[in-house]
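Asker: So the chains spell out like this:
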Amino acid sequence: MFRNASCLSLAIILVQVSISGAQSSPDAPLRMSSESLARWIDERFAAAWQESKTLPATDIDDATFLRRAYLDLTGSIPSVSEARDFLAISSGHRRALLIDRLLNDRRRPEKHADRTAAYLATVWRRMMIPGNTPEARTAVLLEPWLAQQFVDNVPYDEVARKLVTARSEAPVMMNIPNRAVPMGSAGPAFFYQAIGGKPEAAASSVSRIFLGVRIGCAECHDHPFAAWKQKDFWGMAAFFSGIRNGVAGDSEASIRPENSTVSYSATYLGGTPAKFEKGKTPREALADWMVDDSNSLFAATAVNRVWKHLIGRGLTDSVDDLDKASAEERRILDELAVLFVKSGYDLRWLIAGICKSQLYQRECVLVEQAAGDPGPGQRPVKTLSPEQIFNSLEQALSLPIARADGGARFNGLRDQLIMRLSEAATNNPDEFRAGIPQALLLMNGKLTADATNLDQSRTLRGVVESPFLDTTLKLETLYLATFSRPPRPDEKEFLLEHIHKQTGEMQKQAFAEIFWGLLNSPEFVLQK
Amino acid sequence: MSPNPLTRREFARRSLATALGVSCYGSLPFLAAAAEQAKTKSCILLWMAGGPTQTDTFDLKVGHANGGPSKSIATAVEGIQISEHLPGVARQMKDLAIIRSLTTQEGDHERATRLMLTGHRPGQEGINYPSLGSLLSKELGDESSDLPSYVCVSPFSVGNADGPGFLGPNYAPLVVSGASNDPEARANLSVENLSPPPGVSRESMQRRSAISQFLQNDFATRANSSSTRAHKANFDRAMRMVATNAKGAFRLDEEPAAIRDKYGRSRFGQGCLLARRLVERGAAFVEVALEGWDTHSDNFNAVQRLCGTLDPGWSTLMDDLRERGLLQSTLIVWMGEFGRTPKINGTTGRDHFPLAWSAVLGGGGIKGGQAIGSTGPAGTEVADRPVKIADFYATLCAGIGVNPETENISPEGRPIPLVDRGGKVIQELATPPARKQS
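Protein chains in written order, with my numbering: chain A, 1 to 528; chain B, 529 to 966.
Some hints could be false.
Claimed, not checked - Simulated crosslink set (DSS-like; lysine-lysine; CA at most 25 Å straight-line):
1. K916(B) - K952(B)
2. K760(B) - K528(A)
3. K916(B) - K895(B)
4. K324(A) - K229(A)
5. K895(B) - K952(B)
6. K446(A) - K760(B)
7. K446(A) - K474(A)
8. K599(B) - K622(B)
9. K760(B) - K492(A)
Don't read these hints as lab results, they were simulated from the structure. Source: prediction; values computed, not measured.
Please construct the entire structure, taking both the sequences and the accompanying hints into account.
Answerer: Right, dumping it as structure tokens:
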């Protein structure tokens with residue numbers, strides 16, 4: 001018995017070592033594991049909170065963790081069976097193992113790592129090209145390439161470099177349709193086309209995305225709130241003078257703004273004029289400068305964005321205004337950025353470390369408990385993105401899924417729903433912005449109507465007509481399908497009463513009504 | 529009161545803006561006066577999709593080769609003549625002002641639509657400009673109403689041009705017979721997803737509502753955050769709309785048949801009737817679209833047909849508004865995305881022409897009975913008083929009592945005025961708001 005237990009713990013240790021070992025290449029120096037990163041985060045915040053006399057929130061239960069991890073990483077709630085399986089395991093390491101599986105496991109049929117990579121690609125695409133104009137929607141074409149980078153765990157500095165230096169010979173021709181989302185994929189150079197195909201747009205976007213600095217206002221006048229001047233803006237735009245009419249080319253490193261007599265030569269943000277080695281294009285030189293270890297904005301912005309995606313808000317107040325954050329505000333962020341650089345810009349390691357920390361597994365901080373918005377390291381209630389809502393509906397309703405190889409999944413219903421919900425999308429997960437059309441869509445729209453119609457809905461039929469489930473278990477299954485948790489006693493009491501008020505066929509209606517209620521409840525579209 | 533209280537971020541942004549002398553809300557005296565009247569003001573946009581010809585509607589060139597067979601008639605205002613196919617509108621001329629010298633530069637349908645509906649050329653600095661409807665309904669509307677402030681009676685949306693842009697979905701239009709594939713919905717001007725799905729009884733809706741309330745309250749006790757409250761406010765508002773069926777505004781069958789006939793039994797005609805009912809119930813901005821104006825061929829027959837639909841709807845709308853004492857508080861805007869070439873092409877048609885075209889403003893605070901600007905005998909260019917999009921928008925804002933300098937903060941923290949600086953109100957048509965105190 002003793003021997004079996006020690007074999008088992010040995011096996012567990014070996015499994016853990018091999019999983020974290022998979023994250024480092026064979027000849028890299030021994031570096032921090034994601035578990036160590038998680039411990040570092042907890043210790044660092046414990047110290048900070050002791051200083052500020054902040055009381056850390058309590059730990060979340062397993063059901064909350066399950067839903068949180070699935071939504072944050074794969075962009076969808078778990079299936080009923082995944083939920084049941086996870087909640088049934090009693091190992092103390094199940095949470096860390098789940099994170100590792102969602103990030104690394106490529107085995108069929110779930111292919112968790114691929115779904116995670118695809119969802120991360122969506123999150124980054126929305127961050128890189130925000131908004132809901134027809135041009136912004138074309139950015140969906142970047143997702144397959146982005147997903148591939150994440151699946152291969154390409155170091156982040158290389159991904160950034162590839163994007164900044166991407167070249168194209170001709171613009172991608174497409175009809176920008178009014179409503180539909182384009183299908184297919186395009187290489188990284190499409191980024192320049194999606195943002196507007198001009199050097200000014202490139203300068204603005206690249207500075208914001210990779211350096212967390214907004215210089216766009218300085219295009220026409222000296223920025224009122226920050227130190228950026230027109231010469232700073234145009235100095236950056238000069239690197240991109242080869243971006244014209246949707247073609248991402250390279251040309252000489254100087255630019256003359258329209259209606260101006262002044263020419264600006266390429267200058268790195270901060271004032272150093274660029275000197276080009278033989279054979280290096282301006283954008284290659286910019287990429288070198290940008291990803292250099294000494295450029296504190298680059299690594300810090302990356303960490304800030306990953307943190308914001310997982311926790312709900314960045315480590316500084318605004319991730320797009322890093323230049324406005326005080327040194328005090330940036331303390332923890334900068335320390336974490338140093339670790340990120342040392343890891344070789346390993347995104348997967350960073351994500352795993354954050355998700356395995358105690359900090360990630362704490363309850364949300366609600367506005368009443370704190371003075372003002374949640375502080376750094378504290379988690380707000382997050383709003384699901386349009387893709388998360390659709391993916392979760394798809395999961396909850398067992399919808400038939402259409403897949404097109406290599407490109408975005410094409411499904412008319414999906415596009416319609418995402419279009420409508422995208423009108424409410426925000427880059428700040430702690431905001432809820434949906435309006436009447438979104439509410440009506442979820443209340444009375446075709447998807448919900450079919451889902452709550454006994455003849456149309458697979459999930460509902462599966463639950464309601466199952467001979468193996470009694471009323472209580474049927475209710476539990478509906479809860480697991482939508483909230484990934486079993487109902488609480490007070491919920492059971494109220495809803496079972498509702499069910500037992502009806503008989504026969506009407507009782508099946510009662511389940512349909514409950515299912516509708518669950519799909520339209522705040523718990524489905526908000527994430528604790 | 530907005531359902532989303534200011535976050536710390538937004539508060540800081542706005543404070544900074546104010547501290548640096550960038551006013552968010554214009555001058556105080558104007559604001560006080562405007563607030564008094566702003567609650568009851570509305571705007572109806574008659575959107576002529578496709579680009580309506582000016583040479584055959586409001587700026588005829590009878591006697592010139594470019595005029596073609598179009599004939600003009602006198603209106604209620606001496607000296608102003610318009611197309612013979614718009615007799616009803618002609619009677620309304622005392623309350624309408626024609627701008628004949630509008631000049632813009634977009635000749636592509638989508639770009640021009642976005643220009644005319646947002647006041648800005650698309651793609652400028654990546655800003656997602658809000659539509660006129662969103663901007664005005666934000667200033668004029670009542671967010672807590674059971675009725676949405678901004679309604680769009682339109683068969684399609686070009687490039688999401690009538691959308692809320694960066695203002696967010698709280699200011700998105702409620703689209704009537706927009707994306708629906710249901711022919712029933714189209715014919716009866718019903719709201720997408722306003723009615724519960726077929727087969728769901730009233731009792732069932734009530735039971736669902738009860739379950740919903742329970743789950744919401746339950747969630748609120750455990751996770752009471754600003755997002756939770758915003759979700760509840762929005763959900764409750766939607767439910768109220770469903771329950772009151774949007775205050776019955778869409779029950780066109782409540783109107784006597786004679787009235788419905790007067791408006792014309794077309795989607796446009798009934799849309800105008802719906803617009804009147806919505807304005808009566810407090811909606812701030814209603815867009816009613818009439819498509820088909822892209823007359824590259826067979827222009828004259830097409831225009832006659834279109835005017836046959838346009839005229840009764842528009843003139844009955846104005847009669848009804850006047851009768852109910854609503855005309856002074858309802859701005860009417862008639863326009864498309866561009867005009868059409870004065871020179872007739874080889875297929876008896878006219879092509880896209882943004883260089884010199886017409887739009888019409890009326891009702892509200894607009895001084896009617898006038899025609900501003902001219903395009904010369906051939907109509908091929910502006911001869912007098914060019915009016916740019918910013919001037920047009922400034923005049924429109926002044927006509928509805930909204931300060932054109934009112935600013936909204938974009939997600940990037942940038943203050944964006946309703947109208948580009950430099951837009952000048954056409955003095956003959958409306959009184960510009962009081963100067964900002966600096």
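Asker: Hints first: check each against the structure and report whether it holds.
Answerer: Going down the list of hints, with the structure as the test:
1. Taken as a hint, the K916(B) and K952(B) pair is honoured in the structure, with Cα atoms around 9 Å apart against an allowance of 25 Å.
2. Straight-line distance between C-alpha atoms of K760(B) and K528(A) comes to about 16 Å, which keeps the hinted pair within the 25 Å bound.
3. Between K916(B) and K895(B) the alpha-carbon distance is near 19 Å, which keeps this suggested pair within the 25 Å criterion.
4. Only pairs whose Cα atoms come within 25 Å are accepted, and K324(A) paired with K229(A) is accepted, the gap being roughly 15 Å.
5. At roughly 16 Å between alpha-carbon atoms, K895(B) and K952(B) fall within 25 Å of each other, so this suggested pair holds.
6. The suggested pairing of K446(A) with K760(B) holds, with an alpha-carbon distance near 22 Å, which does not exceed 25 Å.
7. With a C-alpha separation of about 24 Å, the suggested pair K446(A) and K474(A) falls inside the 25 Å cut-off, and the hint holds.
8. Between K599(B) and K622(B), the direct Cα distance comes to roughly 21 Å. Compliance with the 25 Å bound is thereby established for this hinted pair.
9. Proximity of K760(B) to K492(A) is assessed by CA-CA distance (about 22 Å); at most 25 Å being required, the pair is judged to hold.
Checked against the numbered hints given earlier, this structure breaks none of them.
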